[in-house]
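Novice: Chain by chain, the residues run as shown.
Protein chains: 2
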Amino acid sequence: MPSKLNAEERAAALAGLPGWKAVKDGTAIAKTFTFTDFNEAFGFMARAALVAEKMDHHPDWSNAYKEVAVTLSTHSAGGVTDLDVKLAGAMNDIAGR
Amino acid sequence: MPSKLNAEERAAALAGLPGWKAVKDGTAIAKTFTFTDFNEAFGFMARAALVAEKMDHHPDWSNAYKEVAVTLSTHSAGGVTDLDVKLAGAMNDIAGR
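Respectively, the protein sequence lines represent chains E and B.
Count along the first sequence from 1, add 3, and you get the number used in the numbering used here.
Count along the second sequence from 1, add 3, and you get the number used in the numbering used here.
Don't take each hint at face value.
As the list makes no split between identical chains, a pair holds if one copy fits it or if it spans any two.
[Unchecked claim] Straight-line C-alpha distance at most 25 Å; calculated SDA-like pairs for lysine to any residue: (1) Lys7 x Ala67; (2) Lys69 x Met4; (3) Lys7 x Lys69; (4) Lys69 x Glu43; (5) Lys57 x Thr74; (6) Lys57 x Glu43; (7) Lys57 x Pro5.
To be clear, the hints were calculated from the coordinates, so they are not data collected in a lab.
Note that the structure is predicted; figures quoted are calculated from it, not measured.
Please take these sequences and the hints and turn them into a complete structure.
Specialist: See the structure below:
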């Protein structure tokens, strides 16, 4: 099981994840992605869903037209772990292409 | 532009849409779909996204693992229209297969 990052580790990880911030008293990280339209927004979600399923680590996320709001947390660890950092980085990569 | 359904028309439409209910003072309809796992939940979203894009009418929705919570409204009409009823029916069809 992945272990929960402490505040220092979490801050260091966030420094390398543009747009992501700690939420819910530091037990999760979140970012809202804004695209051009629904096609782009859902295309991002489809690609991110495949990564998440492969990792067996899934986002809490919502979509309204061109926006996708994502929250990541590792429930079994009670906070943010390397799994969240890895998935957040993958989402940034997908959105940036 | 589709016209907003009045309360009577909306109630009649909801009677034919199992699981959907009026929310936000009757200006929207909502349903939470629960699937077996993320694979099924996102499969539903992918199919519904294609229908929504074809209709050019998009849901506000969120997903957490096996749950998908959907809210439909026609913003340009300030309430629920036939577009929402049609998309809600299509989502029930997709989820029911």
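Novice: All the hints need checking, so say for each whether the structure fits it.
Specialist: Hint-by-hint comparison with the structure:
1. Lys7 x Ala67: Cα proximity of Lys7 and Ala67: across copies only (20 Å, versus 31 Å in one copy).
2. Lys69 x Met4: between (35 Å within a copy, 21 Å between copies)
3. Lys7 x Lys69: So Lys7 and Lys69 pass the 25 Å test across copies only (24 Å; inside, 32 Å).
4. Lys69 x Glu43: both (7 Å within a copy, 23 Å between copies)
5. Lys57 x Thr74: within (18 Å within a copy, 28 Å between copies)
6. Lys57 x Glu43: both (22 Å within a copy, 14 Å between copies)
7. Lys57 x Pro5: Answer is within: at 16 Å inside a copy they meet the 25 Å cutoff, but 41 Å across does not.
When the structure is compared with the earlier hints, no violation turns up for any of them.
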